[in-house]
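FYI, in mature numbering (1 follows the signal peptide of the UniProt record, and there is no 0) the residues of the sequence shown are -19 to -1, 1 to 445.
Keep in mind that a hint or two might mislead.
To be verified - Derived DSSO-like pairs (lysine-lysine); straight-line CA-CA distance at most 30 Å:
| no. | residue 1 | residue 2 |
| --- | --- | --- |
| 1 | K134 | K41 |
| 2 | K41 | K183 |
| 3 | K41 | K373 |
No lab work stands behind these hints: they were computed from the structure.
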Amino acid sequence: MFSRLKFSALLLCATSALADTIGPVATITLANKDIGPDGFTRPASLINGEHPGPVITANKGDQIKINVVNQLSDPNQERGATIHWHGLFQRGTNFMDGVDGVTQCPVAPGNSFQYAFNVNQSGTYWYHSHFGVQYCDGVRGALIVNDPSDPLKSLYDGEYHEVASSQLGVVSAADSTLINGKGRYPGGPSVDLSVVNVVQNKRYRLRLVSISCDPDFMFSIDNHELTVIEVEGTPVQQYTVNTIHIFAGQRYSVVLNANQTIGNYWIRALPNSGNNNLSSTFAGGVNSAILRYQTAPVADPTSSQQTTQIPLVEADLRPNPAIQAPGQSQPDGADDIFNLDLSFDPTSFLFSINGTSFKPPSVPVLLQILSGALTAQDLLPAGSVYTVERNKTVQINFPSGLIGGPHPFHLHGHAFSVIRSADTGSYFYDNPVVRDVVSIGNTPGDIVAIRFRTDNPGPWILHW
């Protein structure tokens, strides 16, 4: 086994600077390869030999067809594989959601599987393996669905896709942060950093995608403000900040106005955890990339981090046009309310929800349903399946303060209204943010509450 297991990374890229751009119809190949993006070589599982994988692009209304060829062979890494299309609802195609043990069996080595589904959403998404912790070894990439009539287009002159990725083992901590597939680790070599090139006085849409396994990041660009215009596929009222706290699986579109003096500026992504003081330093270009204005010298920046932070506050995000939270405007105003009890067993290193740890069954839940099992008592894994009626309003209450947090939770097949954000102590029913990944916070005794309509039948997993 290798000692430096994983790295954490944030990627900020122009479309032309990303690995490859493919889609909406393509073939991708999963295979093992040694890579050293931070100067230290380690085994990885890659898509088309690249990390991150190619950016998949499509237009709203397209049919996406991605043939996945599994050539994974490293016995020390996961060799089965699935691909989940994170944030896409899969209406009518639940069987394409790509979750091992829920909607399908994994694709075995030497075999292939074609995912085919229509996409009637637009925005910023990503795709990744949903088999074990395989995506932590590199099976992941950005997925961008464009709307030809996007009303946000008038707000910017050009576009960058920013993929924030973090690779972390189940127990091990990250050694480095990568931005656009490049980075440095504390005490390591001064390898090249990623560069985002801009032209002075142009406005750029930056798509920030956290494909992290565990760490969350504090993201900023020296001397520049960021105007949030989209959250996980939902346009929002313009909201200007200079610091964004982004969690695994979350996505933001922001507009960067390149209105500063021509030069080089640090792009910073500070993780909340890591080895060798990774979570507390930018020394030597650690946790960093470079924003470079046209005609600026090719050199590391000398800019300083903002002394005054204008942080993104989730509860201040407002969908545009407005979206009223489903149900009644009161804490118990849903048809079904689930109060989750979250715990961690330090002996088994397993987390549990309401006393049960999820273990993928040998027969996927979808196949069990198609075979006649319809109640929670009939479905495996026992204790991990909850049934809800169609066209109901469901509320889920998460307790904050779980060990190792703050943790993000992701719901497949739906977007939800966050009626109580972490660390606010208040409920919001009038146009709260709509997303599919929410942080449950770190304050013991607090709760985070979400609501959604059960308007998309099928087995859908809720997890962090």
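Now the hints, each set against the structure:
1. Proposed proximity of K134 and K41 is supported: the alpha carbons are some 15 Å apart, at most 30 Å.
2. With a CA separation close to 26 Å, the supplied pair K41 and K183 stays within the 30 Å bound.
3. Restraint check for K41 and K373: the C-alpha separation of about 27 Å stays at or below 30 Å, so the hint holds.
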